[in-house]
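Asker: Here is what each chain is made of, one letter per residue.
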Amino acid sequence: MTENQSQQVRALVDEVYRTQSRQVLATLIRLLGDFDAAEEALHEAFAVAVEQWAREGVPANPRAWLVSTGRFKAIDGMRRRARFDASLPDLAHHLELTADPVIDEGEDSVEDDRLRLIFTCCHPALSPEAQVSMTLREVCGLTTDEIARAFLTKPTTIAQRIVRAKGKIRDARIPYEVPSETDFPDRLDAVLRVVYLVFNEGYSASSGDSLTRHDLSGEAIRLGRVLVGLLPEAEVLGLLAVMLLQDSRRAARTSPTGDLILLEQQDRSLWNRDQIAEGMALVELALATRRVGPYTIQAAIAAVHAEAPEAALTDWAQIVGLYDVLLQAESSPVVELNRAVAVAMRDGPSAGLALVDAILSRGDLTNYHLAHSARADLCRRLGRNTDAAASYERALALTQQEPERRFLEGRLRELG
Amino acid sequence: MKYLCLVYVEEKILHALPSAQRQTLSDESMAYCDRLQKLGQLVTASPLHPVETATTVRVRDGKTSTIDGPFAETKEQLGGFPLLDVPDLNDAIRIASQFPAARIGSVEVRPMKEQGCA
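First to last, the protein sequences are chains U and R. Each residue of the first sequence is one higher than the one before, starting from 22 at the first, in our numbering. Each residue of the second sequence is one higher than the one before, starting from 3 at the first, in our numbering.
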């Protein structure tokens, strides 16, 4: 084989790793019943592939070949270690008796394995942080270093979190399965929450090591696409739609110096039209199911913004209506606040201010910086500069994000 | 796999319930336990006397100290312990979520280690 040919095989193995290693892992976890054993088997299988595919050519179905080779390697490894651990020969024998995955399993079971992996990583018996780390590590294939960088924590913290989660999956026997019909809606919610958390972690980060943080949004959107492929339910479509529609504004959200630009001041020609078109189509599909939930409604709100050629032409009446529906589906003070801001745009700042003050007086959002900056903005528009300044100061004291701090300081300077 | 369900309730809340309601809760719990036992999913279960009857024993440097009261003063107290035998955690969670006491308290589901003394 020439140098050139072996490079081609290398490139192909890399490509298969990039596109299929997660599916192979998902199946190996089911066959071997253990995350660590499956990861080891996965890497051994790829190591064999580099050599063998160069020598004997690429198999017709690389994924099936990798599953079969990984499984064989794992059984072989257990045999070799059996001298030290009495339980391993039994386990190896048991694994050998289970059906050969390559012969009798089709695409359906590959998809089921991906779902099993996703639902197991997002199991509510794991902490939310562990669910996020496990999903990024096992489902997306990010390294612990990459996850740590994205979450601005130490790799050892992420590694410990993953080790602990795998330990709980094993010791508490969290099953590797797609949840039963009764548990399904709640469990799907948990999966969607993890994906949206990953998205927002990347989306709301507009400072510091912003490039790697932005990768998280891309990763969440990729996950959203996988989920839509596996489970095209209304809220799954809605989640992908809301992520695409929010992400479409990325280029317009910050100035070249990293300063925050509010929706109404954004240069709409910078919005990503492809993402908007895809997001809008998904919203329509989701709405057509007539089983809408919070993600679909939020996507519909984002779609109304996306449709407005300029900020002044935004259909605020429709947005207020959608917030009313959202409040019914998922009542929360933050949603109420967003609705109040929309009411201010529809009916004028004093109508909005009355609502914001009512929410703040209940005490729910006392420490939420956006509630105070919303109040400040409404006071500013009403010419109540002293009230506005006091609320900007309060927001400034509460915010933890550098671009927001600069934005609020700028507003305070404008007030004089 | 065996799971010990530690059922915690705030005794104050329990004692404040009207007696008819407390009776219903108790009857429901017994009936549920019977059902689980018939299904082979329950090894044993027992309610406990209130936490004021608890005694905590420690041995340090060969000396035994005996203290009146529970290991930790908490808002909710251990009130009983069904021991389940089911295939996996999802089954254990499903069963625990139907304990009547889960509606007023919390259930801690703890997998048991395979090896132990008889």
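In short, the hints are calculated from the structure, not lab data. Among the hints, erroneous ones may be present.
[Said to hold, decoys possible] Ranges of calculated distance between the beta carbons of each label pair, as one might list FRET restraints: (1) U:Arg383 / R:Lys77: 22 to 30 angstroms; (2) R:Thr46 / U:Leu391: 50 to 58 angstroms; (3) U:Pro145 / R:Arg37: 52 to 60 angstroms; (4) R:Arg96 / U:Ala68: 54 to 62 angstroms; (5) R:Pro72 / U:Leu391: 25 to 33 angstroms; (6) U:Phe205 / R:Val53: 46 to 54 angstroms; (7) U:Gln286 / R:Pro72: 26 to 34 angstroms; (8) U:Asp35 / R:Lys77: 38 to 46 angstroms; (9) R:Ala33 / U:Glu423: 53 to 61 angstroms; (10) U:Phe105 / R:Cys119: 54 to 62 angstroms; (11) R:Pro72 / U:Arg402: 17 to 25 angstroms; (12) R:Arg37 / U:Ala68: 25 to 33 angstroms; (13) R:Thr57 / U:Arg185: 31 to 39 angstroms.
[Said to hold, decoys possible] Straight-line distance between alpha carbons at most 27 angstroms, and here's what the computed BS3-like set of lysine-lysine pairs gives: (14) R:Lys115 / U:Lys189; (15) U:Lys175 / U:Lys189; (16) U:Lys187 / R:Lys77; (17) R:Lys115 / R:Lys4; (18) U:Lys187 / U:Lys175; (19) U:Lys189 / U:Lys94; (20) U:Lys187 / R:Lys4; (21) R:Lys14 / R:Lys65; (22) U:Lys189 / R:Lys14; (23) R:Lys14 / R:Lys115; (24) U:Lys94 / U:Lys175.
Even for Gly, the Cβ is constructed at its ideal location relative to N, Cα and C.
Asker: Now tell me if each hint is right for this structure.
Answerer: Comparing the hints with the structure gives:
1. Roughly 25 angstroms separates the CB atoms of arginine 383 of chain U and lysine 77 of chain R, a value that falls within the hinted 22 to 30 angstroms.
2. At roughly 53 angstroms, the beta carbons of threonine 46 of chain R and leucine 391 of chain U sit within the given window of 50 to 58 angstroms.
3. Range check, proline 145 of chain U to arginine 37 of chain R: Cβ separation about 25 angstroms, and the 52 to 60 angstroms hint is violated.
4. Checked against the hint of 54 to 62 angstroms, the pair arginine 96 of chain R and alanine 68 of chain U fails, with Cβ atoms roughly 42 angstroms apart.
5. At roughly 43 angstroms, the beta-carbon separation of proline 72 of chain R and leucine 391 of chain U lies outside the given 25 to 33 angstroms, and the hint is violated.
6. The hint said 46 to 54 angstroms for the Cβ distance between phenylalanine 205 of chain U and valine 53 of chain R, and at roughly 38 angstroms that hint is violated.
7. For the hinted restraint 26 to 34 angstroms between glutamine 286 of chain U and proline 72 of chain R, the CB-CB distance of approximately 60 angstroms leaves it violated.
8. Restraint check, aspartate 35 of chain U to lysine 77 of chain R: a C-beta distance of roughly 55 angstroms breaks the suggested window 38 to 46 angstroms.
9. The given range of 53 to 61 angstroms is respected by alanine 33 of chain R and glutamate 423 of chain U, whose C-beta atoms sit roughly 59 angstroms from each other.
10. At roughly 26 angstroms, the beta-carbon separation of phenylalanine 105 of chain U and cysteine 119 of chain R lies outside the given 54 to 62 angstroms, and the hint is violated.
11. For the pair proline 72 of chain R and arginine 402 of chain U, the supplied restraint of 17 to 25 angstroms is violated, since their beta-carbon distance comes to about 58 angstroms.
12. As the Cβ distance of arginine 37 of chain R to alanine 68 of chain U is approximately 53 angstroms, the hint placing it in 25 to 33 angstroms is violated.
13. Our hint of 31 to 39 angstroms for threonine 57 of chain R and arginine 185 of chain U holds, since their Cβ atoms are close to 34 angstroms apart.
14. Only pairs whose Cα atoms come within 27 angstroms are accepted, and lysine 115 of chain R paired with lysine 189 of chain U is accepted, the gap being roughly 12 angstroms.
15. Between lysine 175 of chain U and lysine 189 of chain U, the direct Cα distance comes to roughly 22 angstroms. Compliance with the 27 angstroms bound is thereby established for this hinted pair.
16. The hinted pair formed by lysine 187 of chain U and lysine 77 of chain R fails the criterion: a straight-line CA distance of about 31 angstroms is larger than 27 angstroms.
17. Annotation: proposed proximity of lysine 115 of chain R to lysine 4 of chain R holds, straight-line Cα distance about 8 angstroms (limit 27 angstroms).
18. Between the alpha carbons of lysine 187 of chain U and lysine 175 of chain U the distance comes to roughly 19 angstroms, so the proposed pair stays at or under 27 angstroms and holds.
19. At most 27 angstroms may separate the alpha-carbon atoms for a hinted pair to count; lysine 189 of chain U and lysine 94 of chain U meet this at roughly 26 angstroms.
20. Between lysine 187 of chain U and lysine 4 of chain R, the direct Cα distance comes to roughly 19 angstroms. Compliance with the 27 angstroms bound is thereby established for this hinted pair.
21. Distance hint between lysine 14 of chain R and lysine 65 of chain R is unfulfilled; the C-alpha atoms sit about 35 angstroms from each other, more than 27 angstroms.
22. Of the pairs offered as hints, the one joining lysine 189 of chain U and lysine 14 of chain R is violated, with about 33 angstroms between alpha carbons and a cut-off of 27 angstroms exceeded.
23. For the hint linking lysine 14 of chain R to lysine 115 of chain R, the alpha-carbon distance of about 33 angstroms lies beyond 27 angstroms, and the restraint is violated.
24. Restraint check for lysine 94 of chain U and lysine 175 of chain U: the C-alpha separation of about 33 angstroms exceeds 27 angstroms, so the hint is violated.
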